[in-house]
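Asks: Fit chains B, C and D to the known structure of chain A by using the hints.
Protein chains: 4
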Amino acid sequence: MDSVLDDLVASNRVLAREGVLDGFGHVSARNPHDTKRYFISRSRSPALVERADLVELDLDDRPVRPTDAKLYAERVIHGAIYKARPDVMSICHNHAPPVVAFCAAGIDMVPVCHLGAVMGQRVPSWDSRDEFGDTDLLVSTPEQAASLAATLADNWVVAMRRHGATVVGRSVRELTFRAVHLKLNAELQLQAIQMGPLSPLTAGEIELSSRTNLSDAVVGRIWEYWTSQG
Amino acid sequence: MDSVLDDLVASNRVLAREGVLDGFGHVSARNPHDTKRYFISRSRSPALVERADLVELDLDDRPVRPTDAKLYAERVIHGAIYKARPDVMSICHNHAPPVVAFCAAGIDMVPVCHLGAVMGQRVPSWDSRDEFGDTDLLVSTPEQAASLAATLADNWVVAMRRHGATVVGRSVRELTFRAVHLKLNAELQLQAIQMGPLSPLTAGEIELSSRTNLSDAVVGRIWEYWTSQG
Amino acid sequence: MDSVLDDLVASNRVLAREGVLDGFGHVSARNPHDTKRYFISRSRSPALVERADLVELDLDDRPVRPTDAKLYAERVIHGAIYKARPDVMSICHNHAPPVVAFCAAGIDMVPVCHLGAVMGQRVPSWDSRDEFGDTDLLVSTPEQAASLAATLADNWVVAMRRHGATVVGRSVRELTFRAVHLKLNAELQLQAIQMGPLSPLTAGEIELSSRTNLSDAVVGRIWEYWTSQG
Amino acid sequence: MDSVLDDLVASNRVLAREGVLDGFGHVSARNPHDTKRYFISRSRSPALVERADLVELDLDDRPVRPTDAKLYAERVIHGAIYKARPDVMSICHNHAPPVVAFCAAGIDMVPVCHLGAVMGQRVPSWDSRDEFGDTDLLVSTPEQAASLAATLADNWVVAMRRHGATVVGRSVRELTFRAVHLKLNAELQLQAIQMGPLSPLTAGEIELSSRTNLSDAVVGRIWEYWTSQG
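Chains as they are written, first to last, in UniProt numbering: chain A, 1 to 230; chain B, 1 to 230; chain C, 1 to 230; chain D, 1 to 230.
Source of the hints: derived by calculation from the structure; they are not laboratory data.
Hints may be right or wrong, so weigh each one.
Since the list gives no way to pick out one identical chain from another, each pair is judged satisfied if it fits inside one copy or across any two copies.
Cut-off 20 angstroms, straight-line C-alpha distance, at most; resulting in silico cross-link-like pairs (SDA-like, lysine to any residue) [stated by the list, open to error]:
| hint | residue 1 | residue 2 |
| --- | --- | --- |
| 1 | Lys70 | Val218 |
| 2 | Lys70 | Thr202 |
| 3 | Lys83 | Val219 |
| 4 | Lys70 | Arg221 |
Extracted from the complex, chain A is given alone in its bound form (with noise of 0.2 angstroms):
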């Protein structure tokens, strides 16, 4: 248990200092002892996030202790998708900008080299305009977010339509380094697009990088790299 605590407290430091998180955004992760709740931080700079501000809260978003901490009004992002994808154990709510040039953008990500190839086969985005017309953009709702978390379906990331990215992961460290690359490759891939034509890689290629990128040795490598920075 100590070791995913850990890994989150690290990876709200590691996600502000790669430029994937800033003042806000927000990243959880399932108790692996008690599949039906997850840990995330009290509402709080994930930059300044320390073991002492993190809340466990069921997959209805409540605090399972009760504490008069604040907590992310978006918060249901992480109870809809805990409920809606067993194979999760780490999400991350994500305005990358490289990221949500694309959400502006209304244009698909795609993977253009192989560290990119972790976001999956495809990036589905959805719009918060489709089901619920004007808002705050916000997912703030237990409706908005099982739109969202119907949307993401069975992929790693869903892009969020003027807003941001929703990633995904089967640990911390797998989605750390996911969101980290979502956003290196859409710097990539927007530098691309203003030379000419793509090319993305394939299925085949998509899967097969995906498997190295993500294996213990690989994401190890990485992880004392940016653990180690200050």
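Replies: Here is chains B, C and D on its own, set in the frame of chain A:
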């Protein structure tokens, strides 16, 4: 009062670190106890401003107490807007590079993501040439400042052609949030228009997102983050 | 010997700080006293590499001395090129983002300024698909590495489609200089082609500039700078 | 005299930190008490330059006092311009990336904001090919330097095709201000031309803005900021 002055010093530092202000630009706060007066730094680069640098000016931009301090030439912007807009409690004039790029190109800034909604429904553009012909582009006379304030009208941001922007808020923290996210939205809009036609927020989304983003909870969360960064 | 090992450790750090290597990528140096062997770090992020992380491998990429250290999967690139190119004394495989953008777009990198001339007359491009079909894009078999080395031929850089680049040099310092300026030139080429048709260096200019840039005086000047940066 | 030497050391550091100079480039100051001589660092990366690195050269770029120090090959640029332009008291040759992008593309730099006005009415472009054919692109002979100075004529900046720029000023601080804002304006111009047709400053605006920007008050304000940054 102390809290306003503390926030004003912090805003100078935050806006410098976030790349809104560099060696130039300035930020002010209206005196909440005497609304015909405002506080602003003596002429000094924002990153260096300390409490002792603050001076109090009347709405004709004259020091309330005798001082030898050199003052910003463009302080007239502040007096003119505080006169025209009783609701405005804080003002920032800046040359944030992504914002100036739009002012150089003569392209309207529009919200392309939920956080950008804080710029408001419309960002009018002021061109010093229209009334004043060839100038040094600085707003340094009461007439120029009054013209700028008239173009701002009841909006939250006025773009200044080939120069920068002036941003206003109902508090120092709201102003700071708006100035930072105006800059971030400009970066995103620039990237998005290289990929395809824009689909900005609707009027309803701007209204709703802006209200959420400027709530105490949201601004407070990122203010803690910003003021903790060295 | 010590100077080669010191330079190799320094090169890892410099290339990480200059944004050529990040958590991934690797750099090696041939043993000047036994040219059938080379030094490279155990599998570790370049920013963290210390003298004790270096291992010595033969040209079939097997450790010369028994070791428990995990090794880079793509170390086969190094052995294959050292076999094929007796003049090469140092090699770096990297995913520098501006370089990967060109590899994603399938656009040739060419020198657009005098410092970019160090990439040489031509940067051939290798596509793993041509001979090997769908893979994880890593070069991890001797056959793939030999194919890459054949495409490199007698050039100084080989672009790797949707992946990165492999850069070679006649010394660690020359290699480091070339890898950094390949990246800087890619950034400039990307900006320049957004403004108009390219007018790259002539073959004569590439030859003359490259010779000057790779002189001991020029490389020594910037090496002092790079190694002094924390 | 001391103040000139102090400013020259500070300018090396400031221009390095502001991204105008990197490992390469150089900045000099004419001796105000003997206008046939100038000060410049020995061949060293600008970020590292200290008072003890400064040497005094005559206008044929020979050391006034015997020295073993290695000198910049391109110091001939300085002597030639000091000969041709009695009003010039300080010179910087640099490869600031946004400036080199324009020199690679062959596109004229023009002021797109008030601070960019300090580049002056016109930035002529010099191409080493025109008179000297294939070279290593460095300006390393008196003939090349005289040709460059002739193209500079009575302007404040000369663009050097596929290479960089040489900037001049009437003081070290003016020169520093101009070199930094030439770079910032190039970044803005590059972004602006991706959005639509340019509308640069008029000749009158350039004249008036430049005069204001180069006043002691404005330069002094940012000089305090720049020299306070570590």
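Asks: Now tell me if each hint is right for this structure.
Replies: Okay, the hints, checked on the actual structure:
Taking the closest pair of Cα atoms, Lys70 and Val218 come within 20 angstroms of each other only across two copies (11 angstroms); inside a single copy the shortest separation is 37 angstroms, beyond that limit. Taking the closest pair of Cα atoms, Lys70 and Thr202 never come within 20 angstroms of each other, the shortest separation being 45 angstroms inside a single copy and 30 angstroms across copies. Proximity of Lys83 to Val219 under the C-alpha cut-off of 20 angstroms is found in neither arrangement, the shortest distances being 26 angstroms within a copy and 31 angstroms between copies. Taking identical chains as interchangeable, the C-alpha atoms of Lys70 and Arg221 lie at most 20 angstroms apart only when they sit on different chains, with a minimum of 10 angstroms there against 36 angstroms within one chain.
Violation of the numbered hints given earlier is confined to hints 2, 3; the remaining hints are satisfied by the structure.
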